[in-house]
Amino acid sequence: MLNSGINVLTEGINLQRLLGGLLITARIAFLAILIGSLLGIVLGLINTSKSRIIRLLCRLYLEFFRIIPILVWLFIVYFGVPGLFNIHLEGELVAVIVFSLWGAAEMSDIVRGALASLPKHQIESGKALGLSFWGLYRYVLIPQAIRRLLPGAMNLATRMIKTTSLVVLIGVIDVVKVGQQIIERSLLKEPTASFWIYGLIFVLYFVICYPLSKLSKKLETKWES
Amino acid sequence: MMNIKKFLVLICSALFLVGVLAGCGSTATTKTDGKQEEAQKSAIEEIKKRGTVRIGIFGDKPPFGFIDANGKNQGFDVYIAKRLAKDLLGDESKIQFVLLEPASRVEYLQTNKVDIVLANFTVTEERKQKVDFANPYMKVSLGVVSPQSAPITSVDQLKGKKLIIIKGTTAETYFTKNHPEVELLKFDQITQAFEALKDKRGVALSQDNTLLFAWAKENAGFTVGIATLGSLDTIAPAVKQGNKELLDWINQELETLGKENFIHKAYDATLKPVYGDSINPEDIVVEGGKLN
Chain L
1 MLNSGINVLT EGINLQRLLG GLLITARIAF LAILIGSLLG IVLGLINTSK SRIIRLLCRL
61 YLEFFRIIPI LVWLFIVYFG VPGLFNIHLE GELVAVIVFS LWGAAEMSDI VRGALASLPK
121 HQIESGKALG LSFWGLYRYV LIPQAIRRLL PGAMNLATRM IKTTSLVVLI GVIDVVKVGQ
181 QIIERSLLKE PTASFWIYGL IFVLYFVICY PLSKLSKKLE TKWES
Chain X
1 MMNIKKFLVL ICSALFLVGV LAGCGSTATT KTDGKQEEAQ KSAIEEIKKR GTVRIGIFGD
61 KPPFGFIDAN GKNQGFDVYI AKRLAKDLLG DESKIQFVLL EPASRVEYLQ TNKVDIVLAN
121 FTVTEERKQK VDFANPYMKV SLGVVSPQSA PITSVDQLKG KKLIIIKGTT AETYFTKNHP
181 EVELLKFDQI TQAFEALKDK RGVALSQDNT LLFAWAKENA GFTVGIATLG SLDTIAPAVK
241 QGNKELLDWI NQELETLGKE NFIHKAYDAT LKPVYGDSIN PEDIVVEGGK LN
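Chains L and X are the protein sequences, given in the same order.
Per full-length UniProt numbering, the very first residue in the first sequence carries number 1; after that it's consecutive.
Per full-length UniProt numbering, the very first residue in the second sequence carries number 1; after that it's consecutive.
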C-alpha cells in the first residue's frame with residue numbers, strides 16, 4: 001500500500017520536473033545569498049560608523065526587513081511596484097530582489113555584531129602600530145570578524161534557502177509547488193503520493209543545506225587551530 | 001541634550017517616511033487611472049499586438065486545472081481557455097498560462113499580470129467589488145456522499161445522525177445554520193474526513209459536489225445520494241475591473257459556444273472520465289452563459 005505511491009516519482013517526467021523546480025529554488029537562493037552577503041558586509045561596515053544618523057538609517061533598514069514578513073515584501077514588490085511604475089517584474093526576479101535585500105539586512109547585523117564583539121584593545125593596538133583606517137580593517141578587524149560571523153552567516157544562508165518556498169505565492173514554480181502539483185494530480189488514485197513526494201523534497205533540501213553547514217564546520221575548525 | 005537630539009532625528013525620519021509613503025500613494029492612483037482608460041480603449045488590440053493572451057489557471061486542482069505527468073496543462077478550465085485563445089487570436093497555442101494560487105487570483109487581475117482568470121473562480125459579492133465577472137460556465141453546490149448500502153438521499157434522513165464535514169467549508173456553514181438537528185463530525189483535512197466515512201464514523205459526508213463526484217467514482221461502494229443542496233454558486237471567467245471590451249467579448253463568445261454545446265464537449269473531454277456516467281452533466285455545466 002505504502003509502496004505503490006513511489007510510482008508517482010517515476011511517472012512521466014515527474015522527477016525531471018521536481019529537479020527543474022529545485023534548480024529554480026537553488027538559483028534564487030544562490031543569487032540572493034551572494035548579493036545579500038556582499039551588500040550586507042558593506043552595510044555592516046557602514047553600520048559601525050560613528051555618525052548617529054547613519055547608524056539610525058541602517059537600523060531602520062534592518063528593522064523594516066525584520067518586522068515586516070518576507071511574504072509581505074514579496075507581495076509589495078510583485079503586486080505593488082507594477083502599479084506604481086507601470087512595469088512588469090517577473091516573479092523570479094522579484095524573489096531575488098527581496099531575498100537579497102533581506103539577506104543584506106540580516107547580514108549587516110551579523111557583520112556589525114562580529115565587529116563590535118572584537119576586544120577594544122585590538123583597535124587600539126592597531127592604531128598604536130600606526131595602521132591607517134583601511135589598514136586597521138584590512139589586517140586586524142576583518143580577518144578576525146569573518147571567523148566570528150561565519151556561524152551566523154551559515155545559519156542565515158540555510159534559512160534563506162528554506163524560506164524560498166514562499167515564492168510560489170508570487171507565481172514562481174519552485175520544487176515544493178511542483179511537488180504539490182504532482183500530489184494533487186494523483187491524490188485520488190495514490191493517497192500515499194504525498195509521503196513520497198515530500199520525502200524526496202526533504203532529501204533534496206538536505207542535499208543543498210548539508211554541504212553548507214559541513215563547509216562552515218570545516219572552516220571553523222581550520223581557523224581555530 | 002543627547003536625548004533631544006535623538007528625538008529630533010526620530011521625528012525627522014518619521015516625517016520623511018510619511019512623505020515618501022504619501023508620494024507613493026498619489027502616484028499609484030494617477031497611474032492606475034491612466035491604465036484603466038488604456039484598458040478600456042484597446043484591451044483586445046493590446047492582446048492581439050502582444051500575440052498571446054495571458055490566462056490565469058490552476059496548476060494543482062484536478063480535474064479543473066492541473067499539470068499532467070508530462071508537464072502539460074490539462075483540465076476543464078484549460079480546455080475552455082484554449083478555445084478562447086483560438087477564437088481570439090486564431091491559434092490555440094497563442095496562450096500563455098499563468099499558474100495561480102487561490103488566494104492571489106484577484107491581485108493578478110488588479111495588477112494586470114493576466115488578461116483573464118479561468119481558475120475555478122466562484123462568483124461572490126466580495127470578489128465582484130474587485131474584479132469583473134463574465135457570465136458563468138459552471139455551477140457548484142453542496143452534495144452529500146454516503147455508502148451505497150445505506151444511501152442518504154434527502155436531508156431528512158440525516159436527522160439525529162452523524163454527518164462528516166470539513167471545518168471552514170461552506171458545508172459547515174450551511175448545516176450549522178439551516179439544519180441544527182443534524183449532528184456534525186468535523187475534520188481539518190479532506191483526506192481525514194474521507195477516511196472517517198470509510199470507517200463508518202458517520203453516515204454520510206458533505207462537501208462541494210464536484211469533489212464528491214470525483215471521489216465516489218474512485219471509491220466503489222459509495223454514491224452521491226444528494227447531488228445538489230443549499231445555495232447554488234456559479235463559476236465564471238473574470239477580467240480586470242473596467243475592462244468592458246474583453247468582458248463583452250467573453251460573454252459573446254460564451255453565447256456562441258453555447259450554440260455548439262461547447263461546454264458540454266469540454267465536460268465530456270475532461271470531467272466525464274473523472275465523474276463517470278452516474279452524474280448528470282446538467283448539475284455542473286452552464287451552457288451559453290445562462291443559468292436555466
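Quick caveat, the hints were computed from the structure, so don't treat them as lab data.
Incorrect hints may have been included.
Only pairs whose alpha carbons sit at most 25 Å apart, straight line, appear in this in silico DMTMM-like list of lysine to aspartate or glutamate [unchecked claim]: (1) X:LYS198 <-> L:GLU92; (2) X:LYS94 <-> L:GLU92; (3) X:LYS159 <-> X:GLU172; (4) X:LYS130 <-> L:GLU90; (5) X:LYS72 <-> L:GLU11; (6) X:LYS167 <-> L:GLU92; (7) X:LYS167 <-> L:GLU11; (8) X:LYS72 <-> L:GLU220; (9) L:LYS189 <-> X:GLU45; (10) X:LYS217 <-> L:GLU90; (11) X:LYS72 <-> L:GLU190; (12) L:LYS189 <-> X:ASP208; (13) X:LYS72 <-> L:GLU63; (14) L:LYS162 <-> X:GLU101; (15) X:LYS217 <-> L:GLU92; (16) X:LYS217 <-> L:GLU184; (17) X:LYS130 <-> X:GLU45; (18) X:LYS200 <-> L:GLU11; (19) X:LYS272 <-> L:GLU124; (20) X:LYS186 <-> L:GLU92; (21) X:LYS61 <-> L:GLU63; (22) X:LYS72 <-> L:GLU90; (23) X:LYS198 <-> L:GLU11; (24) X:LYS82 <-> L:GLU190; (25) X:LYS49 <-> L:GLU190; (26) X:LYS272 <-> L:GLU11; (27) L:LYS162 <-> X:ASP208; (28) X:LYS186 <-> L:GLU90; (29) L:LYS189 <-> X:ASP87; (30) X:LYS61 <-> L:GLU220; (31) X:LYS82 <-> L:GLU184; (32) X:LYS167 <-> X:GLU101; (33) X:LYS61 <-> L:GLU184; (34) L:LYS189 <-> X:ASP68.
Verification of the supplied hints:
Using a Cα cut-off of 25 Å, the hinted pair LYS198 of chain X and GLU92 of chain L is violated, with the two alpha carbons roughly 43 Å apart. The hinted pair formed by LYS94 of chain X and GLU92 of chain L meets the criterion: a straight-line CA distance of about 23 Å does not exceed 25 Å. For a cut-off of 25 Å, the pair hint linking LYS159 of chain X to GLU172 of chain X stands: about 16 Å separates their Cα positions. For the hint linking LYS130 of chain X to GLU90 of chain L, the alpha-carbon distance of about 23 Å falls within 25 Å, and the restraint holds.
Between LYS72 of chain X and GLU11 of chain L, the direct Cα distance comes to roughly 13 Å. Compliance with the 25 Å bound is thereby established for this hinted pair. Straight-line distance between C-alpha atoms of LYS167 of chain X and GLU92 of chain L comes to about 34 Å, which puts the hinted pair past the 25 Å bound. Distance restraint check for LYS167 of chain X and GLU11 of chain L: the Cα-Cα separation of roughly 33 Å exceeds the 25 Å cut-off, and the hinted pair is therefore not satisfied. With a CA separation close to 47 Å, the supplied pair LYS72 of chain X and GLU220 of chain L exceeds the 25 Å bound.
Among the hinted pairs, LYS189 of chain L with GLU45 of chain X is inconsistent with the structure: their alpha-carbon atoms are about 44 Å apart, more than 25 Å. The straight-line distance between the Cα atoms of LYS217 of chain X and GLU90 of chain L is roughly 40 Å, outside the 25 Å bound, and the hint therefore fails. In summary, the hint linking LYS72 of chain X to GLU190 of chain L is supported, as the alpha carbons are separated by about 20 Å, within the 25 Å threshold. For the hint pairing LYS189 of chain L with ASP208 of chain X, the CA-to-CA distance comes to about 19 Å; that is within 25 Å, so the pair holds.
As the CA atoms of LYS72 of chain X and GLU63 of chain L are separated by approximately 43 Å, the hinted pair breaks the 25 Å bound. Annotation: proposed proximity of LYS162 of chain L to GLU101 of chain X holds, straight-line Cα distance about 20 Å (limit 25 Å). Distance hint between LYS217 of chain X and GLU92 of chain L is unfulfilled; the C-alpha atoms sit about 39 Å from each other, more than 25 Å. Taking the CA atoms of LYS217 of chain X and GLU184 of chain L, the gap is near 16 Å; set against the 25 Å cutoff, the hint holds.
For the proposed pair LYS130 of chain X and GLU45 of chain X, the alpha carbon gap of about 23 Å is at most 25 Å, so the pair holds. For a cut-off of 25 Å, the pair hint linking LYS200 of chain X to GLU11 of chain L is broken: about 34 Å separates their Cα positions. A distance of roughly 81 Å separates the Cα atoms of LYS272 of chain X and GLU124 of chain L; the hinted pair therefore is violated under the 25 Å criterion. Between LYS186 of chain X and GLU92 of chain L the alpha-carbon distance is near 39 Å, which puts this suggested pair outside the 25 Å criterion.
As the CA atoms of LYS61 of chain X and GLU63 of chain L are separated by approximately 38 Å, the hinted pair breaks the 25 Å bound. Between LYS72 of chain X and GLU90 of chain L the CA atoms are separated by roughly 21 Å; this keeps the pair inside 25 Å, and the hint holds. Distance hint between LYS198 of chain X and GLU11 of chain L is unfulfilled; the C-alpha atoms sit about 28 Å from each other, more than 25 Å. Only pairs whose Cα atoms come within 25 Å are accepted, and LYS82 of chain X paired with GLU190 of chain L is rejected, the gap being roughly 29 Å.
Proposed proximity of LYS49 of chain X and GLU190 of chain L is contradicted: the alpha carbons are some 44 Å apart, above 25 Å. Proximity of LYS272 of chain X to GLU11 of chain L is assessed by CA-CA distance (about 23 Å); at most 25 Å being required, the pair is judged to hold. Pair hint LYS162 of chain L plus ASP208 of chain X does not hold up; C-alpha atoms about 34 Å apart against a cutoff of 25 Å. Proximity of LYS186 of chain X to GLU90 of chain L is assessed by CA-CA distance (about 41 Å); at most 25 Å being required, the pair is judged violated.
Pair hint LYS189 of chain L plus ASP87 of chain X does not hold up; C-alpha atoms about 35 Å apart against a cutoff of 25 Å. Distance hint between LYS61 of chain X and GLU220 of chain L is unfulfilled; the C-alpha atoms sit about 48 Å from each other, more than 25 Å. Of the pairs offered as hints, the one joining LYS82 of chain X and GLU184 of chain L holds, with about 22 Å between alpha carbons and a cut-off of 25 Å not exceeded. Under the criterion of a C-alpha separation no larger than 25 Å, the hint pairing LYS167 of chain X with GLU101 of chain X is consistent with the structure, at around 20 Å.
At most 25 Å may separate the alpha-carbon atoms for a hinted pair to count; LYS61 of chain X and GLU184 of chain L meet this at roughly 7 Å. Restraint check for LYS189 of chain L and ASP68 of chain X: the C-alpha separation of about 14 Å stays at or below 25 Å, so the hint holds.
When held up to the earlier numbered hints, the structure conflicts with 1, 6, 7, 8, 9, 10, 13, 15, 18, 19, 20, 21, 23, 24, 25, 27, 28, 29, 30 and fits the remainder.
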